[in-house]
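Residue numbers (my numbering), protein chains in the order written: chain A, 1 to 470; chain B, 471 to 644.
Keep in mind the hints are simulated off the structure, nothing from the lab.
Beta-carbon label-pair distances, calculated as ranges:
hint: 1; chain 1: B; residue 1: N634; chain 2: A; residue 2: V268; range: 33 to 43 angstroms
hint: 2; chain 1: B; residue 1: A537; chain 2: A; residue 2: R10; range: 47 to 57 angstroms
hint: 3; chain 1: B; residue 1: E515; chain 2: A; residue 2: F69; range: 36 to 46 angstroms
hint: 4; chain 1: A; residue 1: H421; chain 2: B; residue 2: S582; range: 28 to 38 angstroms
hint: 5; chain 1: B; residue 1: E574; chain 2: A; residue 2: I376; range: 25 to 35 angstroms
hint: 6; chain 1: B; residue 1: P485; chain 2: A; residue 2: K229; range: 47 to 57 angstroms
hint: 7; chain 1: A; residue 1: G271; chain 2: B; residue 2: N634; range: 26 to 36 angstroms
hint: 8; chain 1: A; residue 1: K75; chain 2: B; residue 2: E515; range: 34 to 44 angstroms
A short, non-exhaustive set of chain B residues, derived as facing chain A with CB atoms under 10 angstroms:
hint: 9; residue: W560
hint: 10; residue: I565
hint: 11; residue: S566
Beta carbons: idealized from backbone N, C-alpha and C, even for Gly.
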Amino acid sequence: MSDFEPILTRNWNVPDGDTLKVYESRGGYQASRKALTTMDPDAVVGVVKDSELRGRGGAGFPCGLKWTFLPKDRKETLLCVNGDESEPATFNNRLLMEKDPHQFIEGILIACYATRASTAYVYLRFEYIKAYRILERAVAEARAAGHLGKNIYGSGFNLEIWLHRGAGAYICGEETGLIESLEGKRGWPRIKPPFPAIEGAFRKPTVVNNIETLACVPHILERGAAWFKSIGTPKSYGPKLYCVSGHVNKQVCVELPLGVTARELIDVHAGGVWKGRKAKAAVPGGISMGLLSAAELDVKLDFEDIRKTGCLGLGTAAVTVLDDQTSIVDYLYNTSRFFAHESCGQCTPCREGTSWMYKTMKRIKSGGGRLEDLDILQNMSNNLGIMPGTTICGLADGAAWPFKNALAKFRPEIEEYIRTHQDPSRRITPLQAAIASGVSADVAVRHSLTVLGSAPAPAALHSADGGNRP
Amino acid sequence: MPSNPEATVLAAMIPPAIVEKIRALIPRYPSPRAVTLPALHLVHEHFRCVPHRAMAEIAALLDITPAEVSDTMSFYGFFPQAPIGDVRVWVCRSISCMLRGGDEMLDHACRSLGIEPGQTTQDGKLTVEFAECLGICDYAPAALADDGRVFGPLDESSTEAMLNELKQGPRELF
Ligand SMILES: Cc1cc2nc3c(=O)[nH]c(=O)nc-3n(C[C@H](O)[C@H](O)[C@H](O)COP(=O)(O)O)c2cc1C
Ligand code: SF4
Ligand code: FES
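Looking at chain A on its own, in the form it has when it is part of the complex (with noise of 0.2 angstroms):
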């Protein structure tokens, strides 16, 4: 692992890294114009698909493969940039932005060269404003030096690129959310087929792909698709870029070979578990994807070994990491809330679902909790999202992730918190337990008004404290 030479990184600490100068003297823009003046577009896919590059946005889809689903007869092809980069602890993306913005650059202008794209627009999140700065100068470097515009390098290939800037939604990132959104409208995913290689955005047919996947392009044009499956492990190729946060001494982004551990991440890039305590769970690669169990560290983080853990998959491989006074309980409301706050509204079961279950935490929470409560959940995390075939999109499918995995891995302790944290103020009374039973409401009422002479008064049942703790 220590003969591991950092790629996409490799300008991150030289100084003005960031700019055209240093960018072309370290070897920069050279890849480009290989592709640009020595080779066929196909050919330039051919060498991306050899590569086995899989997606880094999160799917893990095969880029060169992708790239070949465009319709051979089109007349014109787009380049969407997924610069939306929003899912919790992630955070790498913007430092390829930030830190060598031309070698982002030149890795949309070999993706636009081989799948004939004259346009590419980078849709930015609107919080990577220092990013968004810097790219506007790259870009005009860039476009002052040839490298973008007309007739680049003499090859008669055209190419313009567009920042696009979002405006705080989560679900822009889903890759249809992210053309509606472009095209000025909600950010509602779209129902697939018609994939956006076939028609994308405003209708024509789209690549979108990652920023770290396009960081990638150029070095596998200038070393080779052997050398860059020589990294990584088995269907799982290339550096990558893994980001450590949470309970954590030092949160840092390593580049390291795909298929690290995350103990490896957490102990010997992160400085180890804060504060001397030890690791309860970790999440795996951005919240949805589910959880780790301590015992499940040393599995590889790649898109294949993940899943014997029933992970989702490698998502965003960034790994947040939950020390063992941590409460599970405070995890799923945390990440109930988000995906309740960032669901589009637009299918009915993750609508309703993320936001029932996040109440549901929320009550839990606070010491309402049922133990029919995790069954319920259960049952909702089994049955919604884009797998089940009952959503629009995977946003569903990562709001369900977390339950299942800490329903199946930490279930005994959600169940300890719910027994050990009941407030009397939140209990059941008399009178809903009627209602619920079937006793109609009138006869409930009368007959609760007698039973409720034992129950906390009324008032109690308001009170921040519950009232009648001892």
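With chain A's structure known, arrange chain B with the ligands on it following the hints.
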């Protein structure tokens, strides 16, 4: 002839310089509607909000209906219709920040200013909002000002220091 109040043409609200900026973006896209978000950002930057009338003017510029602009605008919780403070600061409440006290820092900031999340201080200087992951988790618990300044890892005293700094007004990033 009696004047018809309906026919009174209100003076345009969006200043000509911004109208020009919006128009200049139209050729970048196959459809003018795609300029909706960029136009909303330009208007928001100028007024610190998107008033109803400006929204209608954007619609006219892009040859779409005001309802279409409104539909898009209201989807994103980003464009208020009444002005926000000179600086808007987002405090992250997502997983990595929450684990390190992000929710408490949001509470602390709001209590210290005497406002609720989403509100603006009486002097109009500062708007504090919660946010989901801001992509600056290496600073967790973190906050981001809308001029691009990043703050973190926050504790109670650095949160106070951040508020004091932000009350001085927006700053150029570089
Ligand atoms: C809810 C949701 C959010 C997503 N957010 C992002 C994102 O912020 N950035 C990203 O690159 N991909 C995101 N994706 C994945 C994209 O839909 C798409 O697969 C990806 O941009 C394709 O690029 P790649 O093949 O280069 O990875 C998201 C997917 C879903 C379902
Ligand atoms: S699954 Fe959820 S986020 Fe995705 S389209 Fe449906 S409602 Fe929207
Ligand atoms: S979780 Fe707070 S910035 Fe990412």
